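> Next come the chains, spelled out residue by residue.
There are 2 protein chains.
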Amino acid sequence: MLEDKTPQRTPLSQLGEFGLIHHLTQHFEVKQASTLKSIGDDAAILDFNGKKTVVSTDLLIEGVHFDLSYMPLKHLGYKAVVVNLSDIAAMNAKPTQITVSIAVSNRFPLEALEELFEGIAMAAKIYQVDVVGGDTTSSQKGMILSITAIGEADEQEIVYRNGAKENDLLVVTGDLGSAYMGLQVLEREKQVFQVNPNNQPDLDNYTYLIERQLKPEARTDIRELLEKLEVKPTSMIDISDGLSSEIIHICKQSKVGCNLFEEKIPVDPQFINVCEEFNIDSTTVAINGGEDYELLFTIALEDFDKIKANPNFTVIGHMTQESEGIHLITRANTKIPLKARGWDAISE
Amino acid sequence: MLEDKTPQRTPLSQLGEFGLIHHLTQHFEVKQASTLKSIGDDAAILDFNGKKTVVSTDLLIEGVHFDLSYMPLKHLGYKAVVVNLSDIAAMNAKPTQITVSIAVSNRFPLEALEELFEGIAMAAKIYQVDVVGGDTTSSQKGMILSITAIGEADEQEIVYRNGAKENDLLVVTGDLGSAYMGLQVLEREKQVFQVNPNNQPDLDNYTYLIERQLKPEARTDIRELLEKLEVKPTSMIDISDGLSSEIIHICKQSKVGCNLFEEKIPVDPQFINVCEEFNIDSTTVAINGGEDYELLFTIALEDFDKIKANPNFTVIGHMTQESEGIHLITRANTKIPLKARGWDAISE
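Residue numbers (the UniProt record's numbering), protein chains in the order written: chain A, 1 to 348; chain B, 1 to 348.
Please note: incorrect hints may appear among the correct ones.
With a cut-off of at most 20 Å between alpha-carbon atoms, the simulated SDA-like pairs for lysine to any residue come out as follows [stated by the list, open to error]: (1) A:K165 x B:G40; (2) B:K252 x A:G40; (3) B:K74 x B:N106; (4) A:K252 x B:G16; (5) A:K252 x B:S38; (6) B:K51 x A:K165; (7) A:K306 x A:N167; (8) B:K51 x A:E155; (9) B:K339 x A:S13; (10) A:K252 x B:K252; (11) B:K165 x B:V231.
It is worth saying that the hints were derived from the structure and are not from the lab. This structure is a prediction, so every number in the text was calculated from the model and none was measured.
So here's chain A without its partners, still in its complex pose (with noise of 0.2 Å):
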């Protein structure tokens, strides 16, 4: 039997805007009991409950943010998912809902729509926050996600970015750097295809690094961890531009300095290896390479002992007086300046 590979493409025309909503939202479910009332009406109502509510928005652009040539549509509505929720994990809140709008040029027929939809609801799954609302309409150029992520937490619960004092420790989950070097990877394999469409990459000395930059995660398992550990940070971000920048971020607002190790800072050796064969500085990277999704915060010096014996944290440097400013610590120990460069400064 013949397998008939032309795959399927419904115009969106044929469904209409209110078909096409009921269409891509019919199975989301309603899992938190803050969700008094989701998708169908003006608007969504929400109970929280006694508890506040921490609200964050994120606009993600085609050929902006995304290229759509390695970054299949299931995986984009994962990450725009993630890229939110990460937002209210750096509150140290717990997120429950978020509103999901799209606008799609009409080179995108029905089928692609489904395919994000599907990483769209997959997310919510796994994080267990409610679809409640969102807007469908079409662009005239490429396709534009705007998502906007709500989450609950006790007043005290909650950490800011300004709340990092004198002495204070410098932590980090995760490790740091990989999904920079994932897009790297992914822009050669981009090239490559370019020149010989028929040649088919290999990927599998650089799963780890394209995971993290086509499926990131968003650590809102930290908080739970925090508390069970009842340790609570002082100040806290998330990493989406770059530790350097979020460094200065916390720094600034917080009025401290800080010295931050370059021996502590975590990769993985798959990291490593591949910074060695695209010969590029895997410090730099690690500094300025955005998109980790990873939570960096600051707790006092006496709560060391509680976080010290956890694999998912890394205490990177410690915070100073504001007066002796943000500086790196080499391995060599000299002491340069800190500056938020972000992406650019790798490809200087």
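Chain A is already provided as a structure; the job is to place chain B on it using the hints.
Chain B alone, transformed into the frame defined by chain A:
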């Protein structure tokens, strides 16, 4: 003395993303008691103190939802906020906060974004809502605006689309169709301008219509008014897509039918004149033209006496059994099935 008429144009790259956000949002004041933490961290923190949270979101794309050749940026900012507050009002809730995300291509200088945010700030001030978050990014083409509105309500106050009952009266606020005819006037002037750029348009006869299109208002006043009159609607929706489309939403979700009376539909005298000038049927426009942002709701028959003397309200029909269908009763007393055709219907 000669005036320098060269407009000042500051490239966005001069400020950087964080500088830009600070520059544009520094004058936003917090006015709502429920806003605990606004812009400046990973997320905003809201406290509704036992009330329910109401959330709605909208995505506006240049070339699809607005045309900057006749929509001044200040008006666009104002309208983008109003459109979202209207959704909150349509739940009989009180809007309290918004988040604003924008993406712009490099054709927009800083001064353009300042103008846009001036309109956003003006709407926030007039409607007493706090701007608590957002995202500013670049786009490959044109301007994209995503606004999420948040509101509060006691559970017993909230009005859904699905509560209309047989024999309920169908009521609308304000008048209909003017926003659509305002758009027609602006489109005509745009074409005149393209032929002869020196032609100064005389828009005196169209001021009301143009204002309805460029600077619509959200009926956030209706909630308090109905409370004072001791009327709780059985269902409610705002008129964004056109009266017929919204009636059908209420009927489908409430499982009822409806008779809408042509002679009762409230329109402005200027609207009638311009429909004649454009040789277009005024009822067709009043029923299918959208963007009036008036509220459409149903009330129990026994509440009629409470609203009948109020100039804000017009009874335009009544709900029937679902099996009777949804009809327009014309001035000639013929019964025509109502269809949700939207703007396309008018140009047919």
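> Does the alpha-carbon distance linking B:K51 and A:E155 stay inside the 20 Å limit?
Holds, at roughly 16 Å.
> Hint check: A:K252 vs B:G16, CA-CA at most 20 Å. Holds or violated?
holds, 16 Å
> A:K165 and B:G40: Cα distance at most 20 Å?
Holds, because 19 Å separates the two Cα atoms, which is no more than 20 Å.
> Hey, B:K165 versus B:V231, does the alpha-carbon distance stay inside 20 Å?
holds, 15 Å
> Between the alpha carbons of B:K74 and B:N106, is the straight-line distance 20 Å or under?
Answer holds: B:K74 to B:N106 is near 19 Å, not above 20 Å.
> Given the hint that B:K252 pairs with A:G40, does the C-alpha gap stay at or below 20 Å?
holds, 11 Å
> Please verify whether A:K252 and B:K252 have alpha carbons no more than 20 Å apart.
Roughly 54 Å separates the two Cα atoms, so the pair is violated.
> With a cut-off of 20 Å on the C-alpha distance, tell me whether B:K51 and A:K165 pass.
Given that 20 Å is the threshold and the Cα spacing comes to 35 Å, the pair is violated.
> Taking only the CA atoms, is the gap from A:K306 to A:N167 under or equal to 20 Å?
Cα-Cα ~17 Å, so holds.
> Between B:K339 and A:S13, is the straight-line Cα distance small enough, at 20 Å or below?
With a Cα-Cα distance of about 18 Å, the restraint between B:K339 and A:S13 holds, given a limit of 20 Å.
> Given the hinted pair A:K252 and B:S38, is their Cα-Cα distance within 20 Å?
holds, 17 Å
In terms of the numbered hints stated before, the structure departs from hints 6 and 10, listed from lowest to highest.
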